[in-house]
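K.L.:
I would like the entire structure built from these sequences, with the hints used as guidance.
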Amino acid sequence: MIQFDIEEAKIGEIPVRIVHPLREDKARCAVFYHGWSSSGALQTTRALILAAHGYTVLLPDAVHHGARGTLPDYYAIAAHDVFWETIFQNLEEFPRLQAALTGRGFDRPWVLGHSMGGLTAMGLAAQYPGDIRGAVSFNGSGDWLLTHLFIQARFGVAEDRDWPVYDAIAAASPLRHLDALKDVPIFMTNGEADPSIDPRAQAHFAEELDRAGGRGVRVTYPGLAHFVTTNMLDDALSWMEAQE
Numbered sequence: 018m019i020q021f022d023i024e025e026a027k028i029g030e031i032p033v034r035i036v037h038p039l040r041e042d043k044a045r046c047a048v049f050y051h052g053w054s055s056s057g058a059l060q061t062t063r064a065l066i067l068a069a070h071g072y073t074v075l076l077p078d079a080v081h082h083g084a085r086g087t088l089p090d091y092y093a094i095a096a097h098d099v100f101w102e103t104i105f106q107n108l109e110e111f112p113r114l115q116a117a118l119t120g121r122g123f124d125r126p127w128v129l130g131h132s133m134g135g136l137t138a139m140g141l142a143a144q145y146p147g148d149i150r151g152a153v154s155f156n157g158s159g160d161w162l163l164t165h166l167f168i169q170a171r172f173g174v175a176e177d178r179d180w181p182v183y184d185a186i187a188a189a190s191p192l193r194h195l196d197a198l199k200d201v202p203i204f205m206t207n208g209e210a211d212p213s214i215d216p217r218a219q220a221h222f223a224e225e226l227d228r229a230g231g232r233g234v235r236v237t238y239p240g241l242a243h244f245v246t247t248n249m250l251d252d253a254l255s256w257m258e259a260q261e
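Residue numbers (this note's numbering): 18 to 261.
These are computed hints drawn from the structure, not numbers from a lab.
A virtual CB, placed ideally from N, CA and C, is assigned to each residue, including glycine.
Be aware that a few hints might be false.
[What the hints assert, rightly or not] So the derived label-pair ranges between C-beta atoms look like this:
#	residue 1	residue 2	range
1	Phe172	Ala44	36 to 44 Å
2	Ala170	Gly240	20 to 28 Å
3	Leu39	Trp180	43 to 51 Å
P.N.:
Given below as structure tokens:
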């Protein structure tokens with residue numbers, strides 16, 4: 018039976034589960050971000066699949082998730098601001114995770130994530146293009162303003178243009194940073210029937226990235242809703258290994 022080492026750690030104030038492969042390769046490491054209302058621990062199965070391919074995987078808990086506390090209702094209208102603020106904090110905290118990997122002798126990490134984590138991975142690619150090997154976004158989006166509009170429609174939120182978080186979303190949206198992203202390998206997957214993160218936002222981003230001469234690849238899955246399947250993971254791993 019294949020056995021993996023799972024380490025519970027804390028990097029600053031960030032609780033992190035670290036999944037180690039049988040044979041550690043310092044050139045292969047990844048940070049995998051969970052989705053809204055989830056946790057790092059709940060990504061362990063996905064991390065084990067990555068570890069089976071030789072990747073050491075960090076699974077951080079985002080603020081208001083897992084060991085960092087929970088919200089009373091993740092889908093209340095009042096939580097809409099917190100959703101975006103959590104993504105911004107993920108971006109702000111990334112250098113601490115990267116420094117911890119560097120301190121352990123690892124090379125630049127891949128950044129991956131599902132849903133909110135998929136938006137995070139895209140944001141990290143835009144903000145830290147030279148510090149990562151590439152990004153994998155499962156059911157995420159690089160067009161954050163369009164995603165914001167779709168989320169509003171889904172939950173009946175109606176934020177005015179002067180909503181304080183609007184300008185922060187617009188400024189950090191990967192769509193606004195296509196020049197920085199052009200040389201970053203990016204793999205994007207979306208279920209075509211996803212009701213949570215509308216795939217049309219990622220489709221628009223992928224088109225604009227392609228026009229800018231970027232290195233993005235997007236794969237869609239007919240009939241699939243808001244899930245990460247083994248097919249998605251296999252496709253992402255095949256693509257990642259082709260970049261190395």
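K.L.:
Starting from the hint 43 to 51 Å, judge whether the C-beta atoms of Leu39 and Trp180 obey it.
P.N.:
holds, 49 Å
K.L.:
Measuring from beta carbon to beta carbon, are Phe172 and Ala44 in 36 to 44 Å?
P.N.:
Given range 36 to 44 Å: holds, Cβ gap about 42 Å.
K.L.:
How does the Cβ-Cβ distance of Ala170 and Gly240 compare with 20 to 28 Å: does it lie in that range?
P.N.:
holds, 22 Å
When each numbered hint is compared with the structure, no violation occurs for any of them.
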